[in-house]
Amino acid sequence: MINRPLRHVLALLMLCFLALFVQLNRIQYFQADSLRQHPDNTRTIQRDFARERGPISTADGEVVAFSAPVDGPLERRRSYPFGDLYAHTVGYLSFNLGAEGVERVYSDDLIGRSSAFQLSNISDMLSGQQPIGEVVLTMRNDLQQVAKEQLGERKGSVVALDPRTGEILAMWSYPSFDPNDLSGLVGTEVNANYQALLNEDGNPLRAKAYRDIFFPGSTFKVVTAAAALASNTVTLTEPTFPNASEYTAPLTTRPLRNFGGSTCGGNLLEILRVSCNTAFAELGAELLGPDRLSLTAQDFGFNLTPPLDLPGVVASRFPTDYGEQLQASSPEVPAGVFENTPLLAQTSIGQNDVSASPLQMALVAAAIANNGDLMVPHVVAEVKDRTGSVVTSVEPERWQRAISSSVALDLRDAMVNVVEAGTAGTAAVAGIEVGAKTGTAQLGTEPPKSHAWMIAFAGPPGRTPEIAIAVLVEGTDGASEQTGGRVAGPIVRAMIETYFQR
Amino acid sequence: MRPRTVELGLLVLASIITVAAYGLTSLGRAASLPADIGPFLGIVVALLMLGHLLVRFFAPQADGLLLPIAALLNGFGYVMIARLNPDLADSQSAWTFIGLMAFGLTLMVLDDPRRLQPYRYSLALAGVIVLLLPLIPGLGVEINGARIWLHIGPFSIQPGEFAKILLAAFLAGYLVDKRELLMVSNRRLGPLHLPDFKHFGPLLLAWGVALLVMVAQRDLGSSLLFFTLFVVMVYLATSRVAYVLTGIMMFGLGATVAYQLFDHVQRRVEIWIDPFADSKNRGFQIVEAAFALADGGLTGTGLGRGTPGKIPYASTDMIFAAFGEELGLVGATAILIMFLFLITAGFRVATQAVSPFEQLLAGGLTALLGFQAFVIIGGVLRVLPLTGVTLPFVSYGGSSLISNYVILAILVRISQRANAMPRTEPVEVEMVPA
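Residue numbers (the working numbering), protein chains in the order written: chain A, -7 to 494; chain B, 43 to 476.
The hints are simulated quantities; they were obtained by calculation from the structure and are not laboratory data. Since the model is a prediction, treat every value here as computed from it, not as a measurement. Among the clues, some could well be false.
Label pairs and their computed distance ranges (CB to CB) [said to hold, decoys possible]:
(1) 194(A) <-> 62(B): 53 to 59 Å
(2) 48(B) <-> 23(A): 36 to 42 Å
(3) 192(A) <-> 383(B): 55 to 61 Å
(4) 322(B) <-> 192(A): 17 to 23 Å
(5) 341(B) <-> 192(A): 42 to 48 Å
(6) 455(A) <-> 322(B): 28 to 34 Å
Ideal Cβ positions, reconstructed from N, Cα and C, are used throughout, including at glycine.
Can you build the whole structure from these sequences, using the hints too?
Structure (structure tokens):
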């Protein structure tokens, strides 16, 4: 009499256990990898903590992270001889907090566990030694030092890379932090230091260079210029935009003005040289239209996450939704009129919802310098074993084709013109061909504050440039189109001089 | 084969597995066998032989699977507890001994479970009183937000573990009496045929007890288990789905109201839905358990080679995650299967039992073991919101171990009586053509 209901209860319990079994499979098999990679997961790092770990060094041979033996159960701790200089790239290795930066991404290489070591290190295996890897960065200590000195105690960021390979040469953001404060072995101290850093002004833990986005201001005009040249209706010399001190987009009555109410106009070469807002707004809103500008922005990497080999890289933003088309293409407005054409007039000059990381703006300069090929940016060049032979090396790889070679060459000429005759004269270096674009993103008028930007490239005259640079100095007092040149220009110049001194 | 021979063989197997696991754990941690492996082997064998002799003496014809499965679960649990916290291991071995004593005592005293039947209302009263003891000021202690502990001298006891046996016995007795009445339906509610509302008494009592436990003691897990026990036993007695549906509706209502009123209930549900939202604080247990399970992967890190100590409450509520880490999906599944074996063995005892009272009692107690395992493993794996109940025979805890050995003894006793008595039910005769 009880058998039938018992069978039902048994069946129910079996279903319950089946659910447990299914969930067990999900966690231990299907989600296992993502759970192991989860940023809150400190297990792997802690398990590997006592293992021997190779050093991290710069391209010019400076050791920026190494393990030193200590007494106690954890056996060794990580030291960072350059303090805050490489914190945002190298990161830290902490028993309590886990790992950040290169220490996290290249952990398996540092402890000799990556697949490359399994094959190549037979000698270590025979001698019974645990293989370890030395991770060599693409960064140059001299450039990194100059970036830090030049920015000083101004909040901001300096990113320099080789446009031909995507190798990051320098990447500095102020404020930074000392990773030695977090790599200690006394948990309570480390946690207190971490809390203090979290509460500190300017969020020093955050690598502005690739984890934060800012209004790019006029530096974005090179993207608009690229879209214009790619459209085949605009060349460096034709058409000519009217001289104006203000521009009113279709569907709005609010005019957009030039800095200081100045009057400007002319062909593309000229309006880029003087960074003419009214002309670029008209160019974007009436000649190019939403699709062309959005596509070119995306080809340069906007709205995508740059494949930099560091955790937490942020995507830069360019708005792509401009609503329905209200008027078809006409001789007066070749791009047609869209619901949000007034927004497009603003985004064409890097205002409104456009935001970019310093890394992204450096990539824009790099793509122009490298004939339109945008290379995958990376901070690690190679991994070596104990004997110094290379186990893996990171080969240059194209990320995106940003623009055609001819557009790139035109833009290079135009940006060189900006240095030679325009707003970026402060970046000029004798004997080197330098191209640049300034930017000033106004944050407020009372008191006037703005981000000062400059993006640039430099190389021997007539050759493919060897260095591309973005400099951002945040919240600088005063707001004029000269600000980017005056504030960011000298930093760019110092970086270029240092690069070519070698 | 005779059940005692099977049992002896399986117990030898269980002790070999337990001692091997103990040795492997030490090898995994320190690359050497534990110094006390000899004495440990002696103690394991002695304890299991004690259990075997108790059954052989008091219930020679009982089912031979129940004790070995429980012993293996107990052994596994001990190995993990010893690996996580040697201090707890000493008391867990003492609790195991006391548990076996309680097992023997129950077998000895309870020669016929039906003798409990006349005392059903006293049992219910005793059950409720025992359950409420921790609420008495000065006697009860609140640990981790749940007021379910009694401190008496050096011991802390969780009386709820014993109350559930008393309440199961009460229900078995009550339902045997009232099942005829409960099976008659004379009301209709939509598509449901419902019995007279006055017969909903035990369900209402169950609801009241469950709510009381949830609200006054803040023990969501036990609350859920009590309610499940009551609903399952009513269903076993009546075969009426209407009771189950009504029960689920009432529990749903109670749970909804509790969710609205109590922070701790809301918190549990929030953590269940997204533990990663507050992974460093409130979701920490669940998140760490998931990380541990992910580290285990398919085959586990190996005993002694993982870091299950990182999981909060690894030796009690979260012990299943510790096994998942070191034994992997394979080992964790083996534990699930062991519980299914235990449940199946228990239900077989219930079907073979000689009296309706024993059938209900065996069915109810087995379901209790099964659902308790489900509730805590489900909590660890995020199938259900996490509620703190022990994993039967595996988790650290004296009250839990003793009460589960008492349940085991009752099942063994009912099985012995079934096997000792000649079958009274008519046996179907197959028609064989001449």
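Now the hints, each set against the structure:
1. Take residue 194(A) and residue 62(B): their Cβ atoms lie about 58 Å apart, and the range 53 to 59 Å holds.
2. The given range of 36 to 42 Å is respected by residue 48(B) and residue 23(A), whose C-beta atoms sit roughly 40 Å from each other.
3. The given range of 55 to 61 Å is respected by residue 192(A) and residue 383(B), whose C-beta atoms sit roughly 58 Å from each other.
4. For residue 322(B) and residue 192(A), the Cβ-Cβ distance of about 19 Å falls inside the hinted range of 17 to 23 Å, so the restraint holds.
5. One distance hint, 42 to 48 Å for the beta-carbon pair residue 341(B) and residue 192(A), holds here, with the actual separation near 45 Å.
6. Checking the proposed 28 to 34 Å range against residue 455(A) and residue 322(B) shows it is violated: the Cβ atoms sit about 52 Å from each other.
Checked against the numbered hints above, the structure violates only hint 6.
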